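Quick mapping for you: the protein sequence lines, in order, are chains A and B. Here this note's numbering is used: position 78 in the first sequence is 78, and no number is missing along the way. Here this note's numbering is used: position 42 in the second sequence is 42, and no number is missing along the way.
Simulated from the structure, these hints should not be mistaken for laboratory data. These figures come from a predicted structure and were not determined experimentally. Be aware that a few hints might be false.
Heads up, simulated DMTMM-like pairs for lysine to aspartate or glutamate below, C-alpha to C-alpha not over 25 Å straight-line [as the list claims (entries may be wrong)]:
1) A:53 to B:16
2) A:117 to A:160
3) A:119 to B:86
Cβ pair distances, simulated, as ranges [to be verified]:
4) B:54 to A:212: 41 to 47 Å
5) B:54 to A:17: 35 to 41 Å
6) A:275 to B:90: 47 to 53 Å
7) A:162 to B:126: 41 to 47 Å
8) B:21 to A:105: 25 to 31 Å
9) A:162 to B:122: 32 to 38 Å
10) A:8 to B:49: 56 to 62 Å
Built from N, CA and C at the ideal position, the CB exists for glycine as well.
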Amino acid sequence: MPAEPPITLRSELDQVGVDTMLAELDRELIGLVPVKTRIREIASLLLIERVRKKMGLSGAFPTLHMCFTGNPGTGKTSVALRMAGILHRLGLSRRGHLVSVTRDDLVGQYIGHTAPKTKEILKKAMGGVLFIDEAYYLYRAENERDYGQEAIEILLQVMEQQRDDLVVILAGYGDRMDKFFDSNPGFRSRIAHHIDFPDYQDEELLAMAELMLREQNYHFTADARAAFVRYIALRRTQPRFSNARSIRNALDRIRLRQANRLVKDPDRLLTPEDIMSIDTPDILASRVFAPAPPPAP
Amino acid sequence: MRITQGCFSFLPDLTDAQIGKQIQYCLDQGWAVNIEFTDDPHPRNTFWEMWGLPMFDLADSAAVMLELGQCRRTYGERYIRLSAFDSSHGWESVKISFIVNRPKQEPGFRLERQEADSRNIRYTTSAYVADRPEGERYGG
Chain A
1 MPAEPPITLR
11 SELDQVGVDT
21 MLAELDRELI
31 GLVPVKTRIR
41 EIASLLLIER
51 VRKKMGLSGA
61 FPTLHMCFTG
71 NPGTGKTSVA
81 LRMAGILHRL
91 GLSRRGHLVS
101 VTRDDLVGQY
111 IGHTAPKTKE
121 ILKKAMGGVL
131 FIDEAYYLYR
141 AENERDYGQE
151 AIEILLQVME
161 QQRDDLVVIL
171 AGYGDRMDKF
181 FDSNPGFRSR
191 IAHHIDFPDY
201 QDEELLAMAE
211 LMLREQNYHF
221 TADARAAFVR
231 YIALRRTQPR
241 FSNARSIRNA
251 LDRIRLRQAN
261 RLVKDPDRLL
271 TPEDIMSIDT
281 PDILASRVFA
291 PAPPPAP
Chain B
1 MRITQGCFSF
11 LPDLTDAQIG
21 KQIQYCLDQG
31 WAVNIEFTDD
41 PHPRNTFWEM
51 WGLPMFDLAD
61 SAAVMLELGQ
71 CRRTYGERYI
81 RLSAFDSSHG
91 WESVKISFIV
101 NRPKQEPGFR
111 LERQEADSRN
121 IRYTTSAYVA
131 DRPEGERYGG
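Using the sequences provided together with the hints, build the complete structure.
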């Protein structure tokens, strides 16, 4: 091993810009601690890998295939979209584009249709990230002649042989992904990073709501904020709660009600503040606060 | 006799890394890359057979290299060329084509002289391999 000037990690950090990237991630994504931790780990690995290369210690290209599991609305798709950019900046993905597909894009309708279709998608995703949403639909246990199995085999082959050309990210609800992996054990072992997305806490959801409102140039009044805190707590106990997605939908409805409230009084002089602020009645009109449970759809 | 047609054909054969870089250039220009093969080396044979479909919407050369690898496995003893098609309005034509694979043995061409009327001579060339039926030339 030849004598080399010692390398500090600081210079490497600055070169890759990992710090700014992670700070940006912290700012733009609320909560999601396990995800951020894993990205940090991957970034660190890359950093060490660069240093190792400079010292002449070769290492294999790290396996980056990932699987995101979690309840509805916990940000799996948003993170996957972001992941392509992150890996690109870390130099682990050459083009940094994302190809987002579901079962329909991979599995054909008749014999001999699946392989070209799957290959086409894989080729499009080369150099970037292939994101397979609701991956468990690929495998249908109830039909043994289903073409999904063929797509899975091609996928596994490429995931194994062209690890440096393509990163595959699977996403889906936790329990169904577990079942999927049980019937395709080879899949689980080829994925290095299994990341579970936790449900958001109430305060995280509130922060998210305020962030979403700010992006659309709205804001809560102080009373409305308190009402929304109650809204989140109540909404959580109701069926079909899907985390951030529920919040986004709630905000959309609240904006409708606010618009309606303003339209009802057309002679009033409006200030920008009136237009931007969301008041308590807009929130309290929600059926979540209704005393009787809503009728089943 | 070494066939020279398309770009780079007077250079030594391109390595895979060099081919990859050329492909990446094509993709970066927004051209669709095609793989074509033939066992008829005559220069007037411009329409070669296509390996699969034209590859639109690719981002990275690894995808074309994957297909090229498969084409070589099947037709390693034939000529394989890449061509890149520019679909933008006003062009709609092939912008570049170059040979990426050739048979180990290239027997070359025979020159035929035909004695025509009043002591005129007509010349034509034909490939030695073209004497054999398609698919049985170049031993593969």
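Okay, the hints, checked on the actual structure:
no.: 1; hint: A:53 to B:16; verdict: holds, 24 Å
no.: 2; hint: A:117 to A:160; verdict: holds, 19 Å
no.: 3; hint: A:119 to B:86; verdict: holds, 23 Å
no.: 4; hint: B:54 to A:212: 41 to 47 Å; verdict: holds, 43 Å
no.: 5; hint: B:54 to A:17: 35 to 41 Å; verdict: holds, 38 Å
no.: 6; hint: A:275 to B:90: 47 to 53 Å; verdict: holds, 48 Å
no.: 7; hint: A:162 to B:126: 41 to 47 Å; verdict: holds, 43 Å
no.: 8; hint: B:21 to A:105: 25 to 31 Å; verdict: holds, 30 Å
no.: 9; hint: A:162 to B:122: 32 to 38 Å; verdict: violated, 53 Å
no.: 10; hint: A:8 to B:49: 56 to 62 Å; verdict: holds, 57 Å
Hint compliance for this structure: hint 9 alone is broken.
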